[in-house]
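J.: This is what each chain is made of:
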Amino acid sequence: MISDDPPGFDLDAHIDLDFNTVDSTELPEVEAEITLLLHENGLELDKQIDNFVVCRDDGRLVGCAGFDRYVIKDVAVAPGLHGNAVSLRLGSAVTKLAADHGYHDLFLYCRPDNVQRFRGWAFHPLVEIPGVIALMENNPVALPKYLEKLSREHHPGKTIGGVVLNANPFTLGHRFLVEKAANDCDWLHVFVVKEEAAQFSYADRFRLVVEGVADIGNVTVHHGSKYIISRATFPGYFLKEKAKIESSFTGLDLLMFRERIAPALGINRRYVGTEPLDATTNSYNASMKYWLADAPSTAAPIATVMIERLAVGGAPVSASKVRALLDERDFSAIKRLVPSTTLAFLKPQAIPAGDRKQGDW
Amino acid sequence: MDIVNSSVAGTLESGDLLVKVSPSEDGTITVHIESEVIKQFGRRIRSTVMETIEALSISAATVVVADKGALDCVVRARVQAALLRGAGAKDLNWQVL
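Protein chains in written order, with the working numbering: chain A, 527 to 887; chain B, 11 to 107.
Bound conformation, chain B alone (with noise of 0.2 angstroms):
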């Protein structure tokens, strides 16, 4: 799937993130990754958001984080939210995800 629009999904609230996602300009795929507990779950997020982009065979996009301490499925929820989003996707595979 490729990324062709900017799109945001979540909230800024206590135990929810917000994710925005853009299309690539040079692409690549770029993850920032903000969280209150970046010390402690950093990898971790990292890890969770890097896992749900290529469950989406998603190769190129710019993918930011404003964690406020989500729990890990909290996390792919709203990060596959904003990559349907940004890729317009209507026919989804939804056992892939």
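Just chain A, same shape as in the assembly (with noise of 0.2 angstroms):
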């Protein structure tokens, strides 16, 4: 087989690389070096990062790259180092430290006049913010296979709507949401937040929504993915300090909706309760008519429509309302505001608050 660069030959291998991994405890030690690097990169210290690959250069900090579990960002290599050799065995230590860590299937972030190098790296862009950022992922088949699965629940119909929920756990307000929402529509399709990051398994999510849902005739409750509100399209979600949200964030989230799962469905309205609660959830709504709609895309818009939502006794109904009265364990409270199915759910489930673990939310 014919190559430019024969195995074994290298122009930059006089160049001797060691790559280390640095954990969250130790970022304070090399915080301002890694900072200084991703200075030149024209990027910014991301927080949400678990650990960094570090490659050095006879001492010198060459290239680095961060992970948020299966997320990677903040990827820098030293000007004048651009070469492929430091770029291209980064990408192999990050692949391999990510494999240690069992993750196989990755994410990255990078700014979008960068994905041609992340090609390098076996990544495929999969939604861009033109100038501003870009997403891409290193598995090749695992979109079009999710889609291939979502497009056998495709149903003819004028007005196919789409509502993706977190179900933290599943309340009336919810199924307020999908009733309107379906009443409204030739056909409903729910998606149910994969990510574990929600109180509730995935497993009981996904369930609460199946039963709450079951009598409504014209709609599907699909599994979500990591393109549907995950760490990887919207990590500002699972943020602990909820107030800053990247806008952009939000921005992959929608466009990914629109130029990728709303086809396959056919989807061209998206329904989703006003929140007077949750800042990060407010944010993400008040964006998603400019994203789905106004911004520019190769894929048809899709309408964003707003339901108000259902309070019970002047105030609005909320999962997070649902989980403060369940640390309470005040199940006369809870009834109220939770359809029969969550509520058989939840009562094995109050626990003392003080045992539980912090932080999960």
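Derived from the structure by calculation, the hints contain no laboratory data.
It is possible that some hints are incorrect.
[Stated by the list, open to error] Below, simulated SDA-like cross-link-like pairs (lysine to any residue); rule was C-alpha separation at most 25 angstroms, straight line:
no.	chain 1	residue 1	chain 2	residue 2
1	B	100	A	630
2	A	861	A	841
3	A	873	A	838
4	A	599	A	670
5	A	599	B	17
6	A	720	A	802
7	A	671	B	14
8	A	622	B	84
9	A	720	A	659
10	B	100	A	629
11	A	847	A	727
12	B	100	A	623
13	A	599	B	44
Can you join these two chains into the complex? Each is in its own frame, and there are hints to help.
T.: Structural data, given as structure tokens:
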């Protein structure tokens, strides 16, 4: 086989590179160095990173890549070493480290002008906001398979709706939204957020949605995926401090929905409940109309339909309220906010608030 | 042999290839190949990958190859390594390999 670079011959082979992992406890020692390298590449240090792979040439930091579980970001190589040798070896190290942590299917954030470089890392572009940010993944068969599975549930009709729920847990508020939307549509597709960051497991959340909407005829409940509100498409949703949300991230998730998910099912409307309580969800909803319809895109626009959130006793019904009441074991109050299927699930779940691990929400 | 884990083998460097193996969701063999020399050698790489899969009697797997101009023997070795890792194999019959 003939190639430009015969095996074993490499112009940059004289560079003796060391690769190491830096976890979050060790990060303060090298933070200044990493920040400088990122700045040289026009990047900022992302706070949501568990581990860095750092690459040194004779002690000098020449490359880095950050991990948030299966999502890679903050990849930088020292200016002057942008040849393939450093970058490709960094890519190999990143793939190997992720595999050691059990993550094989990876996502990556980069500036759109670097997409070509990361193709060399065997990543494929998924969606991009021109001039701002691109999302790539290294499994070229996963999305086509997911979309193929979805498209088997394609239903004909003029008005096809989509709803995305976290349902942590499923409440009468979710039920109200689905019912209203289903009434309005020929068919409604409901997606349950798959990421395991919620208080209740994905399996439980999914089952309660299925049970909670079982009597509505024109609804399909779909498994979520890493392509709908996940750590990859919308990292801000899973951040602890939820005040500051990058609008570009909500843009990626919504463009992904518009360009990839919706066409598989013919979805032309997205339904969403008004959000008076949660700042992240509220900002996501506010930008929905722009990204699904007005933003430049090759995909057809999708109309956003806001539905006033169900209120019980003058207060909006929310899953976070239900979780707070569960901590107090106030089942008479919970009963007014959830369907009987969710109530039956919650009763055995009540554990004293002090015993629950903090941090999940 | 059955593929029970996801696994990787190889590197992205010139003359090598990166192979990712994962369990099949639908009980079939899916092979996806990218190569800088796909036009010249794509068919050859594919047949080498398929032969390696068959030699290990694997009937279901997803195999993703990112080739950087590797020689056939390198392709074979990396695909074998990824498959054996994915199968969690301990007792190997080296003769069939």
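J.: Compare the structure with each hint and give your call.
T.: Quick rundown of the hints versus the structure:
With a C-alpha separation of about 22 angstroms, the suggested pair residue 100/B and residue 630/A falls inside the 25 angstroms cut-off, and the hint holds. Using a Cα cut-off of 25 angstroms, the hinted pair residue 861/A and residue 841/A holds, with the two alpha carbons roughly 15 angstroms apart. At most 25 angstroms may separate the alpha-carbon atoms for a hinted pair to count; residue 873/A and residue 838/A meet this at roughly 21 angstroms. For a cut-off of 25 angstroms, the pair hint linking residue 599/A to residue 670/A stands: about 24 angstroms separates their Cα positions.
Restraint check: the Cα-Cα separation between residue 599/A and residue 17/B comes to about 22 angstroms, which is no more than 25 angstroms; the hinted pair holds. Restraint check for residue 720/A and residue 802/A: the C-alpha separation of about 24 angstroms stays at or below 25 angstroms, so the hint holds. At roughly 19 angstroms between alpha-carbon atoms, residue 671/A and residue 14/B fall within 25 angstroms of each other, so this suggested pair holds. Between residue 622/A and residue 84/B, the direct Cα distance comes to roughly 18 angstroms. Compliance with the 25 angstroms bound is thereby established for this hinted pair.
Between residue 720/A and residue 659/A, the direct Cα distance comes to roughly 24 angstroms. Compliance with the 25 angstroms bound is thereby established for this hinted pair. This hinted pair checks out: residue 100/B and residue 629/A have alpha carbons roughly 22 angstroms apart, not beyond 25 angstroms. For the hint linking residue 847/A to residue 727/A, the alpha-carbon distance of about 18 angstroms falls within 25 angstroms, and the restraint holds. Between residue 100/B and residue 623/A the alpha-carbon distance is near 23 angstroms, which keeps this suggested pair within the 25 angstroms criterion.
Distance hint between residue 599/A and residue 44/B is fulfilled; the C-alpha atoms sit about 23 angstroms from each other, no more than 25 angstroms.
Going down the numbered hints, you'll see the structure goes against none, and every one checks out.
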